[in-house]
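Participant: Next come the chains, spelled out residue by residue.
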Amino acid sequence: MSPSPVERVALVTGATRGIGYAVAERLAADGYAVAVHGTDAGRAAEVAGKLAAEHGVPTVGVAGDVADPTAVAAFTRDVFTAFRRLDALVVNAGTHAAAPLGMLADDAVARLFAVNAVGAAHTLQHAGRLLRRGKAPAAVLLASVVGERGAANQVAYAASKAAVAGLARAAAKEWGPAGIRVNAVAPGFIDTDMLGMLGTLGEAGRAATVAATPLGRLGTARDVAGAVAFLVGPDASFITGQILGVDGGVTP
Amino acid sequence: MNIEQLRSVFRKSLELPADHPVDDLAYREIEKWDSLAHMSLVAAIEDEFDVLLDTDDVIDLSSFSKAREILERLDVAFTG
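Sequence lines, in order, name chains A and B. Numbered by the working numbering, the letters in the first sequence go through residues 474 to 725 in order. Numbered by the working numbering, the letters in the second sequence go through residues 48 to 127 in order.
FYI, nobody ran anything at the bench for these hints, they're computed from the structure. Any given hint could turn out to be false.
The list that follows gives simulated cross-link-like pairs (lysine-lysine, DSS-like), each with its CA atoms no further than 25 Å apart [unchecked claim]:
#, chain 1, residue 1, chain 2, residue 2
1, B, 79, B, 59
2, B, 59, B, 113
3, B, 79, B, 113
4, A, 646, B, 79
5, A, 608, A, 646
6, B, 59, A, 608
Chain A regions said to be covered by chain B (calculated; three or more residues, Cβ under 8 Å) [what the hints assert, rightly or not]:
#, stretch
7, 571-582
8, 621-634
Quick partial rundown of chain A residues pointing at chain B, CB under 10 Å, derived from the structure [unchecked claim]:
#, residue
9, 554
10, 557
11, 586
12, 651
All residues carry an ideal CB built from backbone N, CA and C; glycine is no exception.
Make the full structure from the sequences, and use the hints.
Facilitator: Set out below in structure tokens:
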């Protein structure tokens, strides 16, 4: 039996866990062929294999540090070899660190910007070029409520994520004439591994975060994946340059 | 691959007449090869030869001969 033609091809960076994994899984469930990116090649291949088995779609694992432009060029080439194009690019790979000003290690500041901001720029620039070959192409970047509104103890993280929103807005203007849409989602407090800050806050902090959220709960990775799937899909065909909060109403 | 294919891509992307000589063309030496046309030219080259250029190559692709050199590095063999 010959495989059915693939309608849409997506690359999701940082897709081996957390929000990125949920996005990759959602897109695979929606019938996308998915390139699963991770920093670890073995883990990326493992997740790609799992999604292929569970959803019957073509997948490939690709790997590399998004902070390294040579690595980004290399895994973009791997995606090109596997699928020749991208219809959806999800720039998700990110890292988190929290500390008060004055106690934020220099290398932590550098790494936050290198991965979250510079890495997103490299990914958009390299992998984004495959979107030109796609149908109804769209990119979604993962910003953050913290980048949009600020948060104590997260100065560098907030700034790195604000940069991501800037990338999305600017790229939307630049690529609009080429028919490529670019948006960002700004998750609020999402229950993932990366939400270590809630761990450091303890149960009281978690309860306070929930209390501050009008919808009365933490978000899930699936909540974010749904918004991303919408933004890369046909129902968002006239939406570009937007930063969509997925935060339970925590932003005013 | 015939080198005429590359010439044809240049002429089409830069909206030059079919007999216009292109072998000595260089970026911004003619009005039509501006930064916008450059991205279209790169896209057309990628489509014609089924390759993906790195960002450095996109920046370095400053002449017809440079384009040939980059493509040859990507294992595109030219005749003619």
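Participant: May I ask which of the numbered hints given earlier this structure violates, with the numbers listed in increasing order?
Facilitator: As far as the earlier hints go, 7, 8, 11 are violated by this structure, in ascending order.
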